[in-house]
Amino acid sequence: MLHNTNENIAAKVTNLGKAYRIGVEEEKDKNLSTTLLNALLSPIKNFKKIKSLNKLSSTTEGKDVFWANRNISFEVKQGEVLGIIGKNGAGKSTLLKMLSRITEPTEGKIELYGRIASLLEVGTGFNPELTGKENIFLNGTILGLTKNEIEERFDSIVEFSGIEKFIETPVKRYSSGMKVRLAFAVAAHLDPEILIIDEVLAVGDAEFQKKCLGKMQEVAGKEGRTVLFVSHDMAAVKNLCTRAILLQQGNIAFEGSATEVVNYYLQNAASITSQRNLDFSQAKGNKNFVVTDIEMLDENSNSIQIAESGRDFQLKISYETKEIPINPVVIILVKNNLEQVLFTCLSRNSYNGTMQLNSQGSIICNIPKLPLLSGLYTLDIVLKYDQEVTFSLENIFSFEVEKGDFFGTGKINDDMMNGMIINHNWVIQ
Amino acid sequence: MNVKRMYTVIEAKKSASAFNFKELIRYKDLFYYMVLRDITVMYKQTVLGFLWAVLNPFFQVVIFSVIFGTIAGIKTGIDGLPYPVFSCLAIIPWNYFSSTFAASSNSLVNSANVFTKVYFPRLIIPLVPIFSKLTDFFISLLILVAVMFYFNYTPGNNWYYFLLPLFIILISSAGFGIWLSSLVLQFRDFRFAINFLTPLLLYAAPVAFPALKVKEKLGNTAYELYALYPMVGGIEGFRSSFVNGAIFPWTLVLISAASALFIFFTGVIYFKKMEKHFADVA
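Which chain is which? The protein sequence lines are B and C, in order.
Heads up: the first sequence at position 337 corresponds to 336 in numbering that gives the first Met the number 0, and the numbers run straight through without jumps.
Heads up: the second sequence at position 79 corresponds to 78 in numbering that gives the first Met the number 0, and the numbers run straight through without jumps.
Check before you lean on any hint, since a few could be wrong.
To be verified - Straight-line C-alpha distance at most 27 Å; calculated DSS-like pairs for lysine-lysine:
| # | chain 1 | residue 1 | chain 2 | residue 2 |
| --- | --- | --- | --- | --- |
| 1 | B | Lys44 | C | Lys271 |
| 2 | B | Lys210 | B | Lys315 |
| 3 | B | Lys48 | C | Lys21 |
| 4 | C | Lys27 | B | Lys48 |
| 5 | C | Lys27 | C | Lys272 |
| 6 | C | Lys271 | B | Lys11 |
| 7 | C | Lys272 | B | Lys334 |
| 8 | C | Lys212 | B | Lys50 |
| 9 | B | Lys50 | C | Lys12 |
| 10 | C | Lys43 | B | Lys132 |
| 11 | C | Lys21 | B | Lys146 |
| 12 | C | Lys43 | B | Lys76 |
| 13 | C | Lys43 | B | Lys108 |
| 14 | B | Lys44 | C | Lys272 |
| 15 | B | Lys108 | C | Lys272 |
| 16 | B | Lys146 | C | Lys43 |
| 17 | C | Lys27 | B | Lys146 |
| 18 | C | Lys271 | B | Lys50 |
| 19 | C | Lys43 | B | Lys164 |
| 20 | C | Lys27 | B | Lys47 |
| 21 | B | Lys11 | C | Lys275 |
| 22 | C | Lys12 | B | Lys11 |
| 23 | B | Lys86 | B | Lys383 |
| 24 | B | Lys48 | C | Lys43 |
| 25 | B | Lys171 | C | Lys43 |
| 26 | B | Lys237 | B | Lys86 |
| 27 | B | Lys48 | C | Lys12 |
| 28 | B | Lys11 | C | Lys21 |
Hints in this document: simulated from the structure, not taken from any laboratory.
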């Protein structure tokens with residue numbers, strides 16, 4: 000359908016909502032006869048249960064109804080790159096599935112102006128038995144291109160993928176990297192007016208990612224195309240998006256420029272997973288010198304809830320002492336989710352001079368360019384003075400780290416799975 | 000700026016979404032490549048390849064001829080029509096129906112990983128086997144030629160009538176496939192049901208015996224009701240077109256055609272009604 004628009008709006012979402020049914024605990028059988036009866040009646044019950052999966056409307060309520068998205072309204076202008084961020088389970092995928100017409104909303108409306116392509120996965124419909132060439136055509140048509148459009152772009156797709164030699168080889172003989180490159184090459188040539196894209200950039204090697212990001216920027220910027228981009232990758236959102244929305248528990252929690260939203264997210268949104276164990280009574284030691292509070296700060300000393308890889312990071316430890324400690328020592332152990340200690344901050348070695356503390360106050364441990372990969376980390380803290388442990392608590396604090404641009408190269412550290420990031424550089428001679 | 004752009008509205012719909020024929024046409028290339036994929040992949044990594052399409056009906060014809068023709072002594076009902084030719088003329092369309100029916104019924108479940116990731120008219124999915132299985136059908140016609148040649152059998156002059164029953168077979172395969180693909184996706188029970196239903200459908204169809212036997216034993220009303228099972232008109236019509244001296248069973252063919260169209264259109268309506276939930280239940 001063609002439509003006249005005076006405004007340059009590409010997408011308009013009004014009061015969008017999507018409900019799902021979730022399992023509710025069933026009543027247990029009381030005795031043998033009810034067990035038998037229920038076994039006989041269970042087909043009827045199962046049938047009703049399966050049928051009810053479909054019957055949802057905006058008025059549906061109940062304890063088995065879960066709203067993955069509700070009351071979502073926003074507008075995207077033509078040529079804008081909108082980032083959609085949020086924690087896992089915040090409703091990003093559901094929103095994306097509704098935008099790309101995979102699932103129907105329970106309430107509300109989406110209006111889209113222009114040819115749409117959605118990319119929730121790369122290589123959808125790839126068949127391992129078919130050759131690279133055959134898969135380009137199959138995948139391309141699945142993504143909404145016509146045969147002619149693919150033929151026009153074929154050479155360019157093959158060149159972009161960089162696997163010219165293997166184009167007549169069945170895809171099952173490809174390495175996983177080659178498969179991704181081929182799939183991306185097709186995706187990069189979609190050329191829609193509105194591109195809806197999920198976290199698909201999280202695969203592939205860094206060099207190829209850069210190429211795809213470049214191609215995406217080209218699509219978004221130069222050609223005035225609209226992009227809706229879901230990501231966990233804060234650096235990518237900041238680099239690529241002009242505007243962003245933050246989803247929290249199915250609703251829009253914050254909206255603004257990409258940088259604003261990313262900062263807001265890091266400062267506030269994560270309180271669900273980052274938690275302080277403020278019950279310090281479990282701590283061992285003589286309690287003469289104890290921790291009273293722990294806080295994470297960014298480089299501007301603003302309190303944050305999520306840390307970002309590669310960004311300056313501060314840990315503020317508030318303390319109280321019964322007497323002025325002599326030669327106090329602060330030890331922070333940083334552990335990954337496998338309980339492996341990654342590094343230790345030991346004030347005896349790294350603090351220049353002797354710490355002079357008051358009866359209460361705070362000690363800030365400053366870690367420039369946080370060398371942690373994205374993930375969940377926990378801390379152990381030990382306080383000592385005068386050769387005696389006064390406070391020691393394992394897993395005192397846990398926090399989350401989001402991906403970031405550690406090296407300042409625009410390349411995101413996805414390939415690195417374990418360990419830490421160490422600053423380094425290369426020289427070619 | 001006043002530009003004409005494509006306009007799409009996505010919202011909750013109370014009723015079945017309208018059948019969008021235009022959209023289906025727009026995706027004709029996807030349809031083509033999916034059919035091509037099925038054909039290409041079908042005999043990949045087999046030694047005999049497309050020979051299977053010939054071997055399969057060949058052995059069936061042998062078994063049918065020995066068991067039903069010789070041991071059970073079923074008469075073809077037409078003078079000069081050898082039993083192997085008689086059964087071959089039914090086995091070939093039956094094989095097309097049963098393989099399409101199976102492939103189409105499971106098509107949605109098997110491609111859940113595609114339609115939960117990208118939008119395209121889902122109706123394409125169960126329709127693909129209707130076309131991809133035609134290759135097997137046409138290849139297996141070679142067996143028919145061979146069997147006729149072996150028995151030195153000359154088909155009747157009205158052989159081109161077979162297009163009408165073939166149409167019934169296509170439409171009913173599509174109809175059953177569309178119905179069952181959406182049912183299987185929602186209620187996996189139908190997967191089990193199909194397993195025992197397929198052989199039953201074979202016994203019920205006039206494959207081993209001529210449909211006229213039903214008229215003979217059970218009367219005319221039963222005979223006409225029998226044709227509500229679309230494969231009755233499909234197979235009997237297909238066979239009669241090639242048989243020299245057979246009367247083309249117009250009654251059966253027309254009743255079956257109506258029944259096939261009914262199954263097809265109700266299937267499409269049901270499919271369109273349930274389509275919006277597919278991604279949620281898959």
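Structure-based check of all given hints:
no., hint, result
1, Lys44(B) / Lys271(C), "26 Å, holds"
2, Lys210(B) / Lys315(B), "40 Å, violated"
3, Lys48(B) / Lys21(C), "36 Å, violated"
4, Lys27(C) / Lys48(B), "37 Å, violated"
5, Lys27(C) / Lys272(C), "22 Å, holds"
6, Lys271(C) / Lys11(B), "26 Å, holds"
7, Lys272(C) / Lys334(B), "53 Å, violated"
8, Lys212(C) / Lys50(B), "43 Å, violated"
9, Lys50(B) / Lys12(C), "17 Å, holds"
10, Lys43(C) / Lys132(B), "16 Å, holds"
11, Lys21(C) / Lys146(B), "17 Å, holds"
12, Lys43(C) / Lys76(B), "48 Å, violated"
13, Lys43(C) / Lys108(B), "45 Å, violated"
14, Lys44(B) / Lys272(C), "23 Å, holds"
15, Lys108(B) / Lys272(C), "19 Å, holds"
16, Lys146(B) / Lys43(C), "24 Å, holds"
17, Lys27(C) / Lys146(B), "9 Å, holds"
18, Lys271(C) / Lys50(B), "16 Å, holds"
19, Lys43(C) / Lys164(B), "22 Å, holds"
20, Lys27(C) / Lys47(B), "37 Å, violated"
21, Lys11(B) / Lys275(C), "21 Å, holds"
22, Lys12(C) / Lys11(B), "18 Å, holds"
23, Lys86(B) / Lys383(B), "38 Å, violated"
24, Lys48(B) / Lys43(C), "41 Å, violated"
25, Lys171(B) / Lys43(C), "12 Å, holds"
26, Lys237(B) / Lys86(B), "17 Å, holds"
27, Lys48(B) / Lys12(C), "22 Å, holds"
28, Lys11(B) / Lys21(C), "25 Å, holds"
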